[in-house]
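Going line by line, the protein sequences match chains B and R.
Note that this note's numbering has the first sequence beginning at 1, numbered continuously upward.
Note that this note's numbering has the second sequence beginning at 119, numbered continuously upward.
Hints listed in this document are in silico derivations from the structure and should not be mistaken for laboratory results.
Bear in mind the structure is a predicted one, so any value in this text is a computation, not a measurement.
There could be a bad hint or two in this list.
Using C-beta positions, here's what the derived DEER-type ranges look like [what the hints assert, rightly or not]:
| # | chain 1 | residue 1 | chain 2 | residue 2 | range |
| --- | --- | --- | --- | --- | --- |
| 1 | R | 209 | B | 59 | 33 to 41 Å |
| 2 | B | 97 | R | 162 | 30 to 38 Å |
| 3 | R | 275 | B | 107 | 18 to 26 Å |
| 4 | B | 74 | R | 271 | 17 to 25 Å |
Covered stretches of chain R, as calculated for chain B (at least 3 residues, CB under 8 Å) [said to hold, decoys possible]:
| # | stretch |
| --- | --- |
| 5 | 121-133 |
| 6 | 149-155 |
| 7 | 176-184 |
| 8 | 271-285 |
Every residue, glycine too, gets a C-beta built ideally from N, C-alpha and C.
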Amino acid sequence: MLESYGPVLILILLSSALAALVLGLSSIMGPRGLGRGARDTYESGIIPTTSARQRFPVRFALLAMLFLVFDIEVIFFYPWAVIFRRLGLYGLIEMLLFIGLLFVGYIYAFKKGALNWE
Amino acid sequence: MFLFLLLAVVAVAASIAMITARNSIHSALFLVVDFFCLAVLYLTLNAEFLAAVQIVVYAGAIMVLFLFVITLLNPGNEETDDRLRGQRPLAVALGLALLVEVALLLRTQAIRDRLGDFPPATSFFEQVQTRINGTPTAPIGNVQAIGIELFTTYVLPFEVVSIVLLLAVIGAVVLAKRQLR
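Let the sequences and hints guide you as you build the complete structure.
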């Protein structure tokens, strides 16, 4: 069974080799030492206004939580979709119940403004 | 067997690195390594769908949530000393106790009979195949086997999952609402 993952293994090996090659070449051929600006966040870009190490708003965590819930919902669609014909109407009702309950959650989050960024 | 040993060593090493890392972001990244090891372990157990879910949900969505929570709690203040004194020896003692318990349990014949052989003589999806088709030869895929079990035998748990997820949405919105205003 695992033999069929040979191409994946080749892909992993090739991408690791490429990463090693690029990093190795830049460490051999690149300039040494830390000149002016080499330690900046963006060496030739905008100057950061504040430190990145500060507390982020709770909105990010809330959005991640909502994403997680609906991500799991979608995960359940895959095994359902591949046996949709076998389950027939029974499966459709089952899934509609599932989606319906989660849709209540969606409406709730929407009404409470959890999906608005401003 | 070699693959299992390799994965087990990497997974345990990543776990140890995760709990000893001073920087919480580094801990989270070691956890990603752990999740990937588990995904490949699922692959070796012929559970392709679970492996994909492990990467999509755990290494994807749950890690995003973890990172946002870490940034919410201010990553600048790394913990320098033990907040809970005497926690470490207690944790080691309890962990060892649990390990001994599991080892003793696995040596019990009654438990071994219930667990069956490892690796099992007939895999989960061969069993489902036999039940559906009456013969193990007509091939159905791994995802189909999970789907058939999930939507027939385990309908109730499946529907309860939607209630649990609904509660997660409501809980998250209620907890974050005060700050949103």
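Hint check results:
1. R:209 / B:59: 33 to 41 Å: This hint holds: roughly 34 Å between Cβ atoms.
2. B:97 / R:162: 30 to 38 Å: Roughly 35 Å apart at Cβ, these two residues keep to the hinted range, so it holds.
3. R:275 / B:107: 18 to 26 Å: Taking Cβ atoms as reference, residue 275 of chain R and residue 107 of chain B lie about 24 Å apart, which means the hint holds.
4. B:74 / R:271: 17 to 25 Å: Because 22 Å falls inside the window, the suggested range holds.
5. 121-133: violated (count 1)
6. 149-155: Violated, because only 0 residues of the stretch 149-155 of chain R bring their Cβ atoms closer than 8 Å to Cβ atoms of chain B.
7. 176-184: Since three or more residues must qualify, the claim that chain B covers the stretch 176-184 of chain R holds, with 5 doing so at under 8 Å.
8. 271-285: holds (count 8)
Violation of the numbered hints given earlier is confined to hints 5, 6; the remaining hints are satisfied by the structure.
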